[in-house]
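Engineer: Each residue of the sequence shown is one higher than the one before, starting from 33 at the first, in this note's numbering.
Calculated from the structure, these hints are not laboratory results. No residue lacks a Cβ here, since even glycine has one placed at the ideal position from N, Cα and C. Each hint should be verified, as a subset may be incorrect.
Cβ-Cβ distance ranges computed for the label pairs, FRET-style [unchecked claim]:
1) M512 - E235: 19 to 29 angstroms
2) D271 - P299: 40 to 50 angstroms
3) P458 - S39: 48 to 58 angstroms
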Amino acid sequence: MAIERSSSVAVELEGTLLISGGLFPYFLLVALEAGGPLRAGVLLAVYPIVALLGVALSDDDLPLLVMTFVSTAGLTVGDVAAVAKATLPRFFLGELRDSMFRAFARHAACERYVVTRLPTVMVEPFVREYVADGARAVGTELRVVGRRFTGAVTSAPGVATTGDRSLGALVAVLGRDGVVDVGLCSGGGAVNRQPAFMRICKERLVVSTPRKAPETPLPRSEYARPLIFHDGRLVGRPDPLAFLAVVLWLPLGILLAVVRIGIGIFPYGVSLLLAAATGFQIRANLGATAAIGAPERRRGTLYACNHQTLMDPVILSTVVHRKVTAVTYSLSGLSELIAPIPTVRLTRDRGRDRVLMRSVLARGDLAVCPEGTTCREPYLLRFSPLFAEIAGEITPVAVRAGGAMFHGTTVRGYKWMDSFFFLMNPVPWYQVRLLPLVVSSGAGDDDSSSRDVANRVQRVIGEALGFECTALTRREKYQMIAGHDGVDARAGEQSSSRCGGARL
């Protein structure tokens, strides 16, 4: 099919550009991350009822209207927009259909539209940043009163699969007599089940995939832009049954988290055995740079770790069988209280922090996370060079961690809950690998030398993990996700109140 430069292309989002046609997970993510657990629970409870009623009444609009109302009513525009930018793109990308994305991307010279039954505010950041530059999202428009959504929809698009609302909205975008040259949608075979926007398309292409040939998601390496930062507590796509399983797991998960935290009071060997008994998997490769149970030395070891969760120094201390002090910038009081290792707060004054870290290192082992913040994806942020100015030798530590249900990090939520969420996973896991020593001058006077050492340590850890090294910083992460620099005193513990969110 040849498409002229002046032509236009419209594609259906759900079921065509995305492999799945289900909308519940995206409404659930908005309800949970912008509204809170109670709102998400209400949505989960009412969804089966309205879905059955929609089938019984042959009304495709009913489930969408109810999900829209429950997930957005009363929320501020900023809260929903923040979730759409920080949380939803990761789940959209996981469902992005390889073949359709490539076909849509080939027509970069065309005017491109992504038509969806979801609210436009939920889809715009994904379409703009990860589908195509200049593409427009055409979805349901929500009524706003005083900067808050009412939960009701206007007469704009997307709510109906066969009605006139989506047709009217696309015509409004194109102009009074607007038409689309080519329309793409998924098909079930029946013309009356096609989206309404297909009526104004000169050429209609219905894409059907045989059941025995499942579609392939777009590989991460082919994303229009790298997915490095994202937020939200849930690891997996929250389909109804999957989210129900999470809800049912919570009571046992909370109990397990408390037990796992309590294990930290036991000696290292015992705590490793008890952690394994609760399903916490810890794997370590100490190489030739560490001796378990080695006697105290005149000067401690400086460990430089990539940052996965708040528990990185705790797990490191456990696997090397030595008390390792961790330096932090904005650790909550509760996190300090339950930490089984010493913690030292830095001041963000370079000179004072250098002196403080040297004094700690003179008394024992010290663990630093030079990235300054966590990164969930296989990337390393820029390493601050301060750590390279305080010791002549540095032990790089490659760390990986994860869980099947919950992320143990957050930007917009309450950070004091990070460790609890990580430990609530059924089988949380950690992999720790100590790498060969990196020599540093440790003089503290040569900034270029310390930067070179920091970059070298970053590369060593990146190669060991298979992660890509970047020049991105903590400040840029917070700006991209939360709209602030992450330094404000309120940003650490009350980021949810400043940026919205479920405060999870």
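Engineer: Now tell me if each hint is right for this structure.
Structural biologist: Right, here's what the structure says about each hint:
1. Checked against the hint of 19 to 29 angstroms, the pair M512 and E235 fails, with Cβ atoms roughly 38 angstroms apart.
2. As the Cβ distance of D271 to P299 is approximately 43 angstroms, the hint placing it in 40 to 50 angstroms holds.
3. The given range of 48 to 58 angstroms is respected by P458 and S39, whose C-beta atoms sit roughly 51 angstroms from each other.
When the structure is compared with the earlier hints, a violation turns up for hint 1 alone.
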